[in-house]
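Novice: Protein chains in written order, with numbering that gives the first Met the number 0: chain A, 0 to 392; chain B, 0 to 561.
Keep in mind that the hints were calculated from the coordinates and are not lab data. Any given hint could be a false lead.
[What the hints assert, rightly or not] Keeping only pairs whose Cα atoms sit at most 27 Å apart, straight-line, the calculated BS3-like set for lysine-lysine is:
1) B:LYS237 x A:LYS6
2) B:LYS426 x A:LYS6
3) A:LYS244 x B:LYS141
4) A:LYS290 x A:LYS244
[As the list claims (entries may be wrong)] According to the in silico footprint, chain A covers these stretches of chain B (three or more CB under 8 Å from chain A):
5) 198-209
6) 321-331
Backbone N, C-alpha and C define an ideal beta-carbon position, used for all residues, glycine too.
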Amino acid sequence: MAEYTIKVRRFQPESGEGPYWEEFGVELDPSLSVLDSLLQAKDRDDGSLAVRCSCRAAICGSCGMKINGQSGLGCKTQIGEAQELADKKASASGEKVENAPIVIEPMGNMPVIKDLVTDMESTHWTKIRRVTPWLLPHGEAPEREYIVEPESMIDITQSMACIQCGACVSSCLSMEADPDFIGPAALAKAYRFVGDPRDAETVERLHDLANDPHGIYDCTHCFSCVDACPKDVAPMDQIMRLRRKAGENGVEDPNSGHDHEMAFVKIIEKKGTLDESLLLQESFAPGLKGKLKPSKRAIKEMLGSLPTAFRGIKSGKMRSLPKLIPGVHHKLPGNAQDEVKAIYAHTEEHNEEFNLYIKGDEGELAEIEAEEAREDAAEAAAAPSASEETPNG
Amino acid sequence: MPSHDVLVIGAGLAGQRAALAAAEQGVSVGIISKVHPVRSHSNAAQGGINAALNPNDSWESHAVDTVKGSDYLGDQDAIEVMAREAPEEILHMEHLGVTFHRNEEGKLGTRAFGGASAARTYYVADITGQAIMHVLYEQLMKYSEDVARYEEWFCTSLAIDENGECCGVVTRNVADGSMELFEAKSVILACGGNGQVWKPTTNALICTGDGIAMAYRVGAKLMDMEMIQYHPTTLAGKGFLITEGARGEGAHLLNANGERFLEKYAPNKMELASRDVVSRAEQTEINEGRGFPDGTVALDITVVPKKRVHEALREIVLVGRDFAGVDITREPIHIKPGNHYTMGGVKTDIDGRTDIPGLYAAGETACVSVHGGNRLGANSLLDTLIFGKRSGRDAAARAKRTEGSRPSRKVLEDEEAMIADILAREKGSGRRVSEIKLELGQTMDGKVAVFREEAGIQEALDTVRRLKEEAATAYVDDHGSIFNQDLLGAIELGYMLDNAECTCIGALERKESRGAQYRTDFPERNDEEWLKHIDLELSDDGPQISYSEVTITQWEPEARTY
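Could you put together the complete structure from these sequences and hints?
Specialist: In structure tokens:
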């Protein structure tokens with residue numbers, strides 16, 4: 000049992016007052032959750048403290064909130080860990096470093112209804128409905144089950160693991176800039192259908208999501224949603240899969256997003272570092288064919304990008320003009336470029352999806368196996384320790 | 000006044016399936032849920048769903064296992080219906096998009112589960128309930144013109160007309176506190192079980208027995224309320240569930256001496272005996288001093304290959320890591336029996352019909368009874384879908400042939416008065432709602448759990464009746480309209496106390512040991528006197544007891560060993 004102070008951002012809509020902070024003192028075991036601390040405050044001190052919650056076990060997705068500024072589930076965040084983070088943050092800003100209040104706020108990117116309860120309907124659910132979130136098979140269903148590759152079902156099970164808690168939406172930086180962004184949760188949901196071999200509208204779905212200016216190319220790759228997701232759905236990875244599938248299916252997108260990505264890949268493979276003089280052309284009119292016969296659209300896009308390029312040069316974000324002359328780009332020292340190529344070759348050979356349902360966390364597994372080997376060696380040398388006590392069993 | 004032909008209360012698996020089945024019949028359907036549908040507790044069903052779909056398996060075998068699992072208290076006509084319709088329903092779910100596990104041929108693959116004579120459990124990793132429920136919600140979004148969704152609306156009472164037929168329901172919109180009387184020709188209660196009556200429990204905070212209590216209050220019969228399942232593998236203290244799938248994948252149960260103790264209790268099926276058998280074995284080990292000091296035994300998942308654990312038990316890896324600080328791939332995890340499932344409930348026939356015309360019940364709220372004294376793992380999801388579907392269809396058929404009647408405003412006014420009364424109680428005038436809930440939960444877990452005896456149950460009943468009086472003056476802090484969870488908690492407490500009282504009465508009455516009801520003062524099953532259902536009906540003196548026959552079609556009771 001330990002004592003904590005939780006500092007909750009409250010909003011009582013019927014009071015006529017704006018939002019305010021309130022601190023509650025709670026006592027609980029460090030292994031219990033931030034949600035447990037809120038429920039204790041609600042039970043003992045103030046029943047009007049509003050928070051959605053149900054399962055307490057990270058399955059129902061009700062208790063999305065921000066804890067010390069990080070989006071996640073209240074029930075899945077241990078209060079002891081939250082305290083450590085609060086102390087770390089406090090010490091970083093030069094405040095007192097022990098028992099700093101644990102800061103709890105409603106989720107971001109959504110209107111607040113009351114205290115920690117947000118309006119998910121107008122934001123999260125509206126976006127989910129945007130991606131046509133139901134299976135669209137062709138024709139009559141078979142008499143028995145659809146026969147599909149076993150790996151394909153495991154593959155989309157990562158998306159199916161989503162509990163619609165909204166933590167990724169809350170943390171999404173792109174959505175802060177563009178509230179119309181379809182967003183991590185809905186796009187992860189979209190992958191559940193795009194990756195499903197039973198769905199017959201794969202290409203149509205990809206066209207739809209690529210051509211929407213708030214669609215798959217609106218993600219800025221910031222990893223916030225991956226950090227926030229309590230279920231290891233890794234929404235950004237699902238968005239990247241959508242982009243890859245879009246590219247594979249020849250879906251042209253208005254931002255040339257896929258070609259832009261491929262331009263980086265090709266230039267680094269060839270030169271080791273980014274040759275900015277080639278980036279524009281490779282992004283919009285890739286390859287020799289693009290150089291010789293750029294399409295009208297490519298020319299328009301390239302000309303349209305020039306002001307950005309000039310601003311980049313002026314502000315020092317891009318290199319100076321002479322270095323932008325094609326061919327001037329420096330080479331990597333020694334045989335470094337060969338090593339870059341070797342990395343490419345290795346990646347090609349090990350072109351596997353990283354999916355927890357297929358492989359588990361590889362790092363974790365390797366670590367476990369190494370440790371087991373050490374334990375076995377130790378056991379051979381000495382009598383094994385009998386303790387099997389678990390911390391909270 | 001919002002009006003629908005069929006109104007479904009509760010939006011877990013049973014409710015969503017019922018709504019979709021009713022809508023297929025071309026009637027107007029509404030579905031009301033006190034939480035957003037995907038927050039419903041069907042999510043928590045991890046392990047899978049049973050069906051004799053494999054050509055080497057048969058529905059009879061599934062039915063026999065279920066009958067034996069129920070300790071012969073299940074109604075065999077209902078069990079036959081469930082086992083026969085299971086394969087078609089699994090295929091239907093697959094066609095809608097559930098991402099069921101496949102075997103190497105790309106066909107549906109199975110895993111082993113407790114009390115089953117064949118591997119007939121179909122699954123999605125260990126998120127089967129969640130996967131099916133989210134797919135059903137996809138369908139509700141698809142058919143949003145056919146099924147009106149009332150998400151975050153709380154039901155306070157059913158409306159009964161002068162002919163004694165159910166004609167609507169009184170609700171409170173959680174978002175703004177407005178009260179609304181809904182009119183309906185058929186009402187289906189699919190509100191889940193009553194696990195929150197016990198503490199700890201694997202059940203979510205929303206599982207407060209609302210449907211069971213609302214039906215009981217308007218005179219519907221409840222059945223076998225003493226039959227409460229304790230799941231063999233829950234985390235001590237917190238009550239979190241570790242799926243039976245873990246044992247299905249080969250995990251062992253060990254006592255503190257490292258012995259696989261089920262050898263003594265169920266030498267053939269070992270860890271995969273029925274849940275009541277395994278829970279009693281564990282509790283016996285703990286009571287006789289062979290458990291760990293924290294009152295637990297150990298579940299050893301390290302014997303399951305790691306790759307398989309990550310592929311098939313991913314959720315349990317997370318539960319172990321996040322809620323117990325244990326890496327289950329490396330060390331055993333401490334577990335104990337914990338409250339899990341309500342076998343009893345609102346008495347229905349095989350089409351979900353209760354004693355009250357127009358009122359239906361399905362899923363954990365209902366007692367058809369397919370689970371009798373003990374539910375087999377992976378039969379609950381099946382129960383929700385089969386009887387959800389059947390209720391939905393029958394409710395639609397009734398709506399088509401019924402004129403319907405307008406519910407009286409009086410029932411709405413009564414509910415408004417009830418709420419005004421709660422809100423008018425002054426702070427400090429009675430006990431806090433949370434205190435009463437805690438005392439209730441601890442009392443029930445202490446005295447009406449794996450092992451029971453008369454004096455203990457009587458003490459629990461006395462406590463429950465005292466708590467009922469205290470609840471009548473319990474106060475709340477929140478007096479507002481918007482998201483007043485405090486008020487809803489006070490109403491839920493009333494539901495919980497009605498459930499608790501009925502369970503105590505049933506447990507006192509059944510003077511034998513059958514399924515989940517183990518009376519240390521009557522340790523044997525007694526088919527001569529007690530092969531019958533205990534029905535409870537509201538009267539001025541509390542629950543009135545009567546009995547009804549167990550339907551036996553082809554399987555006579557036998558001694559039950561695993």
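Novice: Run every hint past the structure and note whether it holds.
Specialist: Hint check results:
no.: 1; hint: B:LYS237 x A:LYS6; verdict: holds, 25 Å
no.: 2; hint: B:LYS426 x A:LYS6; verdict: holds, 24 Å
no.: 3; hint: A:LYS244 x B:LYS141; verdict: holds, 25 Å
no.: 4; hint: A:LYS290 x A:LYS244; verdict: holds, 26 Å
no.: 5; hint: 198-209; verdict: holds (count 3)
no.: 6; hint: 321-331; verdict: holds (count 10)
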